[in-house]
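All chains, please: the whole structure from these sequences, using the hints.
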Amino acid sequence: EAQVTQNPRYLITVTGKKLTVTCSQNMNHEYMSWYRQDPGLGLRQIYYSMNVEVTDKGDVPEGYKVSRKEKRNFPLILESPSPNQTSLYFCASSPLGRSYGYTFGSGTRLTVV
Amino acid sequence: SQQGEEDPQALSIQEGENATMNCSYKTSINNLQWYRQNSGRGLVHLILIRSNEREKHSGRLRVTLDTSKKSSSLLITASRAADTASYFCATDQGSNYKLTFGKGTLLTVNP
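Protein chains in written order, with this note's numbering: chain A, 1 to 113; chain B, 114 to 224.
By construction, these hints were calculated from the structure, which means they are not laboratory data.
Being a predicted model, the structure only gives us computed values, none of them experimental.
Errors might be hidden in some of the hints.
With a straight-line cut-off of 35 Å between C-alpha atoms, the simulated DSBU-like cross-links for lysine-lysine are [as the list claims (entries may be wrong)]:
1) Lys216/B - Lys182/B
2) Lys169/B - Lys71/A
3) Lys211/B - Lys65/A
4) Lys18/A - Lys211/B
Now the in silico label distances, taken between C-beta atoms and shown as ranges [as the list claims (entries may be wrong)]:
5) Pro95/A - Arg167/B: 20 to 28 Å
6) Arg193/B - Ser67/A: 36 to 44 Å
7) Glu53/A - Glu166/B: 29 to 37 Å
8) Pro121/B - Thr20/A: 35 to 43 Å
9) Ser208/B - Glu53/A: 15 to 23 Å
10) Leu11/A - Glu166/B: 37 to 45 Å
11) Asn143/B - Ile77/A: 28 to 36 Å
Even glycine gets a Cβ: it sits at the ideal position worked out from N, Cα and C.
Structure follows, in structure tokens:
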């Protein structure tokens, strides 16, 4: 089944403890992206990648890192999480081109205490 | 930055009725897309309409695009309880394939 897999689904952590949210897609998509969704603010892009070893900042990149060493994987790294990073996170992928929508993962609900 | 803005914010209808949601945006676009999100779950792509298209259909969905007014509408015909979800419009307006999402319309279809 074509899908984007995120892990974990839920995570509670403490301020300052480094964490990684994994994202993997099995559709050979070039484009991958991370969004966070917050009440009243909607979905905002954190980082994106157009291909292996090519990443760039989205609208809200502060406090996050990403890497794209393989085409299928695009992990989101929080080096020192803070409570304002408590949010619902989504990974998405798509082929490059103007005719395609995103395929989203099921989301990771992160709470930083 | 917010690009698409959906209207209304919330809509409640009876099963069998049609539901119409609107989206307005500010700058020129490559395409506009609609997504559905069930509570707390991932977004599901519904339909994409290119900037040179005016109308598109997919099953019970009909999307229109008016680039002169910078607006789009999503019509769901013969709504079902299973259509209860939040609906988002998203615009592709740059060179980096980024989608900018609106804040969504919460649709409730009552049995």
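For the hint 37 to 45 Å, verify it against the beta carbon of Leu11/A and that of Glu166/B.
holds (41 Å)
Between Pro121/B and Thr20/A, is the Cβ distance one that fits in 35 to 43 Å?
holds (39 Å)
Mind checking the hinted window 20 to 28 Å against the Cβ distance between Pro95/A and Arg167/B?
Since the Cβ atoms of Pro95/A and Arg167/B sit about 25 Å apart, the hinted range of 20 to 28 Å holds.
Just tell me: holds or violated, for the beta carbon distance of Glu53/A and Glu166/B against 29 to 37 Å?
holds (35 Å)
Taking only the CA atoms, is the gap from Lys18/A to Lys211/B under or equal to 35 Å?
holds (27 Å)
Regarding the pair Lys211/B and Lys65/A, is the alpha-carbon distance no greater than 35 Å?
holds (18 Å)
Lys216/B paired with Lys182/B [C-alpha distance capped at 35 Å]
holds (20 Å)
Go ahead and decide if the range 15 to 23 Å is satisfied by the Cβ distance of Ser208/B to Glu53/A.
Holds: the Cβ-Cβ distance is about 19 Å, inside 15 to 23 Å.
Lys169/B and Lys71/A: Cα distance at most 35 Å?
holds (32 Å)
Should the hint that Arg193/B and Ser67/A are 36 to 44 Å apart at their CB atoms be regarded as holding?
holds (42 Å)
Assessment of proposed distance window 28 to 36 Å (beta carbons of Asn143/B, Ile77/A)
holds (30 Å)
Of the numbered hints stated above, none is contradicted by the structure.
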